[in-house]
Amino acid sequence: MSKTLFDKVWDTHVVKKIEGGPDVLFIDRHLIHEVTSPVAFLGLKTRGIKVLYPERTFATADHNTPTINQHLPVADPLSAKQLKALETNSNEYGISYWGLGHQKNGIVHVVGPEYGITQPGATIVCGDSHTSTHGAFGAIAFGIGTSEVEMVLSTQCIMQPKAKSMRINVTGKLGFGVTPKDVALFIISKLTTSGATGYFVEYAGEVFENMSMEGRMTVCNLSIEMGARGGMIAPDKTTFEYVKGREFTPKGEAWDKAMAYWLTLKTDADATFDKELTFDGSTIEPMITYGTNPGMGMGISNHIPDAEDVEGGVTTYEKSLKYMGFSEGDSIVGKPVDFVFVGSCTNGRIEDFRAFASLVKGRKKAANVTAWLVPGSHIVEAQIKEEGLLDIFIEAGFTLRQPGCSACLAMNDDKIPAGKYAVSTSNRNFEGRQGPGARTMLASPLVAAAAAVTGVVTDPRTLIHELELV
Amino acid sequence: MAYDNFNILKSTAVPLPIENVDTDQLIPARFLKATERVGFGDNLFRDWRYNADNTPKQDFVLNNPVYSGKILVGGKNFGSGSSREHAAWAVYDYGFRCVVSSFFADIFRNNCLNIGVLPVQVSPEFLEKIFAAVFADPKAELEINLPAQTITLLSTGEQESFEISPYKKDNMTNGFDDIDYLQNIKTEIQEFALHLPL
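Going line by line, the protein sequences match chains G and R.
So that you can map any letter, position 454 of the first sequence is 454 in full-length UniProt numbering, and since no number is skipped, the others follow by simple counting.
So that you can map any letter, position 137 of the second sequence is 137 in full-length UniProt numbering, and since no number is skipped, the others follow by simple counting.
Warning: the hint list may mix true and false statements.
[Claimed, not checked] So these bits of chain R aren't anywhere near chain G, every CB distance computed over 10 Å:
hint, residue
1, P56
2, L62
3, E125
4, A132
5, Q183
[As the list claims (entries may be wrong)] Straight-line alpha carbon distances no greater than 27 Å define the calculated DSS-like cross-link-like pairs of lysine-lysine that follow:
hint, chain 1, residue 1, chain 2, residue 2
6, G, K16, R, K70
7, R, K169, G, K162
8, G, K162, R, K186
9, R, K129, R, K33
10, G, K50, R, K33
11, G, K45, R, K70
12, G, K8, G, K164
13, R, K129, G, K164
14, R, K33, G, K104
15, G, K17, R, K169
16, G, K385, G, K361
Worth flagging that the hints you see were computed from the coordinates, not collected in a lab.
All values reported here derive from a predicted model rather than from experimental measurement.
From the three backbone atoms N, C-alpha and C, an ideal C-beta is built for every residue, glycine too.
Extracted from the complex, chain G is given alone in its bound form (with noise of 0.2 Å):
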């Protein structure tokens, strides 16, 4: 029988199906993070149970930790004790730990694509929604809840019903200064944050093919808010040069087995799907949100719509944009920015930085921006630094912080204030998502750049020339 690429991958992690219920999923490899797991070791300890498969879990603290200063004590007692727990319970139960200071530590959806452990194939779960990053290698990854976590601690399993496929296509080339994070805002704004619930989405077509990997993550990334489970892409060269010689993936004749495996995994061609879509490339521009959720997005030549043109209620509509502080048929352009947010697991791979540093190099930051560059981990740090990045960023009045999640979820210090406007290249604009108050446009670290450099939200094609892109 035709099998789509999910079904190949969820058929081959089946431990037992339930009637009536949900199928029993093996998963090869658990991911956690100092805020979602230590109910879950609380749960090993008051039922007396241990890790089945330590070697199969890999610990690193994110959500909490500090972007400055990190060789210093978390001011935070709260957060501290936090990611004291964490390492404590990862010791205790023999979890791989990349604790703050470890030279691995990062953000949990960066660091496990850098180190090999996300493969083609494989199952990935973490208690956190955007696991579905790894799908970008052809691996089936989501996110759980704490007790799922306790779940996959102890036997290694999860218990879901098998979800309905899509299938997004999307064909042409994209446009000048058009980016994943564009390509994957247009397609939420189209299917709204609830379009593809209780779907594993696969992305299929001409602009995938043609994506890197930290593109296809950034895709992958951000289906979840469009309600998905996942998302997936099929594993190709690119995928294969870009897992090959990294520390957790198979070498020599292991290799070579494990490739003979991955040639396989694509979805049949007459394998049929629960739902297809294509979209023309060619018609994506640069996108930015205007209001409080991911599906309130449009090409950043738009004007606000109306609250009879979009889907939904009327009063959640003017809630959002009483929130904003804008109306219908605004201009977006123009609009006072005062913290521009480049990172999160969704933009905080070295090719973001490369795009912002192609905006802003021979330019300055605006005087009324605060910006925050926050690298996913060590290794984008790192090479931040080793392609001359940093100067170009320091020479236009920016500096680099330390890798987290940050702003992102604003767990942390680095809170966006009440009121103030933030052009953010992270994966959520709710209601004081980046701390209470903070109004957020979701944007392409491109769009952010010139955020950056104007204080307005402003086109990033009007500033500068294709060829000066990276």
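Once you've looked at the hints, dock chain R against the given chain G.
For chain R alone, coordinates are given in the frame of chain G:
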């Protein structure tokens, strides 16, 4: 037993006719720093419930003494966003045992089922009827019958059935969780792990 079992719940309801209620509203990230499951109910809807100086916002429904009960009724796409189970804990710890909506986000629904909060999905029309009934009379009661899989507006007798898998239904009515099940098939899991392709 991981939580109190659920059979038939008869209660008044708290109406929240907002769509896309996300997990950052249910429990903002800055309240996720606990290492034990305590106190999350106090911070349910923190920023909609309280001003910056911690005084209650009088216009928010949880601060309106007229509305109370063990059932929270929310707009479409309830629980979107993060995987934080803390959002479901906050709902449970505040005192809700059931959330009714016309559509739920996937992970939130799963988390609810895992901790003993019953997500009841109704048609958009029935949701409107519930909102109208509760706004007209805050004492209007709903009956959630899990064994029969029905939700009834007791004032009018109007009823809909809702979906839940037989497995999850059995868990909820008995107060069991998935870990109990998985522990019992551990040998099977270990055998399976020996035959993975990689």
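Each hint tested on the structure:
1. P56: It holds; P56 (chain R) is separated from chain G by about 15 Å at its closest Cβ, greater than 10 Å.
2. L62: holds, 16 Å
3. E125: holds, 14 Å
4. A132: For A132 (chain R), whose nearest Cβ neighbour in chain G is about 15 Å away, the distance exceeds 10 Å, so it holds.
5. Q183: Its Cβ does come within 10 Å of chain G, the nearest being 7 Å, so this is violated.
6. G:K16 x R:K70: violated, 36 Å
7. R:K169 x G:K162: holds, 18 Å
8. G:K162 x R:K186: holds, 21 Å
9. R:K129 x R:K33: violated, 39 Å
10. G:K50 x R:K33: holds, 24 Å
11. G:K45 x R:K70: Given pair K45 (chain G), K70 (chain R) is violated - Cα atoms ~31 Å apart, limit 27 Å.
12. G:K8 x G:K164: holds, 14 Å
13. R:K129 x G:K164: violated, 30 Å
14. R:K33 x G:K104: Distance ~23 Å between K33 (chain R) and K104 (chain G) Cα, so the pair holds.
15. G:K17 x R:K169: The given pair, whose Cα atoms are some 17 Å apart, holds under the 27 Å limit.
16. G:K385 x G:K361: holds, 15 Å
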